[in-house]
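Asker: As a plain string of letters, each chain reads:
Protein chains: 2
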Amino acid sequence: MKKAKIVEVAPRDGLQNLQAFVPTDQKIALIKKLAGTGAQEIQIGSFVSPQAIAQFRDMEEVAQAVRRLKGFVPSALVPNGRGADKALACGIARLIFFFSVSSKHNYANVQQSPLDSLKELQHICRSHLSNPSMTLRVDLATAFGCPFSGNVTTAAVLRTVEKVAALGVREITLCDTVGFGHPKDVEEKFLACFRRFPEIRFGAHFHNTRGLAQANALRAYDIGVRSFDSSAGGLGGCPYAPGSSGNVATEDLVFMFESMGIKTGMDLKKLLNVCAWLQKILPQAKLSGSLFQAGLPHKHKLFC
Amino acid sequence: MKKAKIVEVAPRDGLQNLQAFVPTDQKIALIKKLAGTGAQEIQIGSFVSPQAIAQFRDMEEVAQAVRRLKGFVPSALVPNGRGADKALACGIARLIFFFSVSSKHNYANVQQSPLDSLKELQHICRSHLSNPSMTLRVDLATAFGCPFSGNVTTAAVLRTVEKVAALGVREITLCDTVGFGHPKDVEEKFLACFRRFPEIRFGAHFHNTRGLAQANALRAYDIGVRSFDSSAGGLGGCPYAPGSSGNVATEDLVFMFESMGIKTGMDLKKLLNVCAWLQKILPQAKLSGSLFQAGLPHKHKLFC
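Heads up: the protein sequence lines correspond to chains A and B, in order. Those letters in the first sequence? Residues 69 to 372, by this note's numbering. Those letters in the second sequence? Residues 69 to 372, by this note's numbering.
It is possible that part of the hints are untrue.
Where chains are identical, the list cannot tell them apart; a pair therefore holds if satisfied intra-copy or between any two copies.
Pairs of lysine-lysine residues, derived as DSSO-like cross-links and limited to a Cα-Cα distance of at most 30 Å, are as follows [stated by the list, open to error]:
hint : residue 1 : residue 2
1    : LYS154    : LYS252
2    : LYS172    : LYS101
3    : LYS331    : LYS100
4    : LYS337    : LYS172
By construction, these hints were calculated from the structure, which means they are not laboratory data.
Hey, can you work out the whole structure from these sequences and the hints?
Answerer: Quick look at the structure:
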């Protein structure tokens, strides 16, 4: 059976750029509603300093509320060892460490060089990787291009993957943080990674900023990628391109996969209900998903 | 060299659903500006009854003004023999006849059965197909689904193609009129057409209503389709899905192809300038293109 895993990132990537604080109970409600759509994994937020992202100042409370919910794996982003310790202390056992392939973007994002981020990662790996109940995924931001330095080569991605792999990490996601990627680049970079690092599971994180997220996901699936991040409603947006869309919308991605007979385990109608609820509680947020605007096709058969 | 032909449809598909009449000089200016972007073919409008689409009541004037412009082929839609005669009398020698695979959509669109549309097509073929200076393309609407009857099977598409081919037509475009198509359906239908009708050149016309136009175009290119309709700015929208996007945006499609090293002969910066101009003269129209909102990537290299 053809399958793809969807990692729902709305509570994290979707909320992190919102100016207005989303009340804790609404964050928890969002995660519960997303769990009801069949999402296998939900990124519940980031364990970052409240000075960096005030939106996540209630992470511990959110984590405590959702950690024991059934049916999905809660995961959280951590930029450093302190964040990892906090997440684990709150019972979140799936951590996502992130840094950028591009030096300029890493400075802009976490105020340090990629090498210093790697040292943080090394610290996390040494402290926690032997813990059998904990899993770690590493996200490589700007793997398909950087808003400051432009093109990011396959060689640069491979060099970064190599350093991460050397620390014992076995799950890496290539992220098109600002929507520069295109299907040929996706094919080239993932195939190069598959060939060179067969021991590592690679996932994809695409943004639809320039309209190519679905084509990129299609190509990634074609060549063997089976884990895809997406955000309900396409919630979230790149601060570098005001008005443009951000993460690919979960319902759009699920619509493509399920239409093609690729099972995601997610319920499209429930997802569209979550979008409608999101639009109600966040009227100022732009939901960029296409399916939410257009609706399901008339008499649509989901599985061909 | 990898190549794709883009057929620019903004003056036709883009304008046809606008309530407000676009002045004739602005229509002519749009066509001239689009010609400047490198479009090989531009659909300048439809030779339909002004009672059906008032927007095109000035078609003869528009045709007279652009017929002798250099650098592109002007084409026009014709729903019947009368329209074909008018177009040819105005010096437009590339005609596009259209009808729907789905009976219900054809009734809604041109108030007759597909069989009656085929009779009109037969009339056009008998009168004009022997004219060496005239070319004819036939568009099959709702080839990937109908807003009234839902699913449209590959068998139904093949049956319709067969009837059109029997009249001597050698160019057929499969149209996803309302954005129901997905990459697997695209692959199945085009491959079936290629196998069964090797003598016919098939083109694709995708709408982005449910966010899949680019993925569909990618898959169509993968399997050998080389002609793609698109509309500058994504101008146009389906009246059945208010607020949703319509035709795939030319600049988004060109961005995908050119990024992948597939030459379209079009100039992205000039296309984005046309979008900005369109937004100025049509402030009420929704330009749904992603690239126009987000801009070109920083230090973007068009050709890999």
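Asker: Between copies, within a copy, both or neither: which fits LYS172 and LYS101 at Cα up to 30 Å?
Answerer: neither (37 Å within a copy, 38 Å between copies)
Asker: As a check of your reading, is LYS331 near LYS100 (CA-CA no more than 30 Å) within one copy, between copies, both or neither?
Answerer: Intra 22 Å, inter 47 Å, cutoff 30 Å: intra-copy only.
Asker: Within, between, both or neither: how does the pair LYS154, LYS252 come out at a Cα-Cα threshold of 30 Å?
Answerer: neither (39 Å within a copy, 44 Å between copies)
Asker: Have a look at LYS337 and LYS172 and pick one of within, between, both or neither, based on CA distance no larger than 30 Å.
Answerer: For LYS337 and LYS172, only the inter-copy Cα distance (26 Å) is at most 30 Å; the intra-copy one is 41 Å.
Hint compliance for this structure: hints 1 and 2 are not met, and every other hint is.
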